[in-house]
Amino acid sequence: MSGSGDSLLAEQTGIGDWDFGDFPYGLEPLAMPAAGHSRATGATPPATLSCDRDLTLLQLRFLADGRPLDLPESTQERSADQLFWFRWITGHQVTFLIWHLMGRLIEQAGPQQEPEPAAFARLEAYAYGYCAMLLYTGSCPLDLYQDLIRPRMFLQHRSFSGAWASDYAPVRGLFRGRGLARGSTPQAARLARAVETNKVIHDGIAARLVPGGKSLLQQAMLGPAVRPSERTALLYDNFFMTLRAPVDEDAITSQLLRRLRAVALDVAANGLYPLGLGGGELPEELRRAEVTACEERVGLTLHEVGAACVADPLPYP
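Read in order, the letters of the sequence shown are residues 1 to 317 in my numbering.
The reader is advised that the hints may include incorrect statements.
[As the list claims (entries may be wrong)] Derived Cβ-Cβ restraints for the label pairs, each shown as a range:
hint, residue 1, residue 2, range
1, Arg176, Arg288, 14 to 24 Å
2, Gly14, Ala207, 38 to 48 Å
3, Gly173, Ala207, 35 to 45 Å
4, Ala118, Phe154, 38 to 48 Å
5, Gly177, Asp54, 33 to 43 Å
No wet-lab data here; the hints were simulated from the structure. Idealized CB from N, CA, C, for every residue including glycine.
Turn these sequences into a full structure, and let the hints steer you where they fit.
Written out as structure tokens, the structure reads:
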């Protein structure tokens, strides 16, 4: 399908309509169950917006194909600060949801057995989804990161650190090359490659954006050590507009799909690097073939993550 057929499908399915937040590149709070050092702040989960799963997957697939799409002017009119702040917050929220779903799969497998091949495929899709979110959140030019994002994290806490992310706890071992990534099956080998690619991207973005390779936590090492705790988890969640309460599978899936669609629409309208990367030559890690492959298929990855979260959902206690 092409030309007028594309335009008709876009009109019929509302692909170009922004429906996240109160305006294009607006933010939404995320509701997540307690994890790691975090604690639920209320017995009643906050209301979350639902979405049509089949329609959203169709829209994600259409946006991933890179077809010409007439998007509303409101989607294309934005300041750089607004766009990259949206990417920083929403991209991290997508990451938290991906970590949560991966943790559920790892928990279901148990310590002494490997998941079924279908579950391995979902883990691989999620791992590459995390790669895509690293690229997406790290897509801002160096000067904008230094002037907008890093100072706000510093104001939240002088030692602000990704180590405080509660949802990372269940997948920490996997992304450090342990557990399921060390299996002997072809599925485990593919997952291990995704994990290694994730590390390469993480290291490359850190080298590009963080001066001297020192995080806020490392810069504050001369002061008292700030270890992850319930307090730091709350500070971290607050920064990324994340609430903790009992949340069921439907709410997790809907929140993820809504964010995937908003991210896909953003990338379709602006590209992965709207202002270029700036700041001189890219670090060696970000010039590797596997990273370039991840950049080229970000849209497809978003669709694959969406399909993975919809297919064969795990039961929630």
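Cross-check of the supplied hints:
Range check, Arg176 to Arg288: about 20 Å between beta-carbon atoms, so the 14 to 24 Å window is met. Checking the proposed 38 to 48 Å range against Gly14 and Ala207 shows it holds: the Cβ atoms sit about 40 Å from each other. Gly173 and Ala207 have their C-beta atoms about 24 Å apart, which leaves the hinted 35 to 45 Å range violated. For the pair Ala118 and Phe154, the beta carbons lie near 43 Å from each other, so the given range of 38 to 48 Å is met.
With their beta carbons about 37 Å apart, Gly177 and Asp54 fall inside the hinted range of 33 to 43 Å.
Violated hint: 3 only; the structure is consistent with all others.
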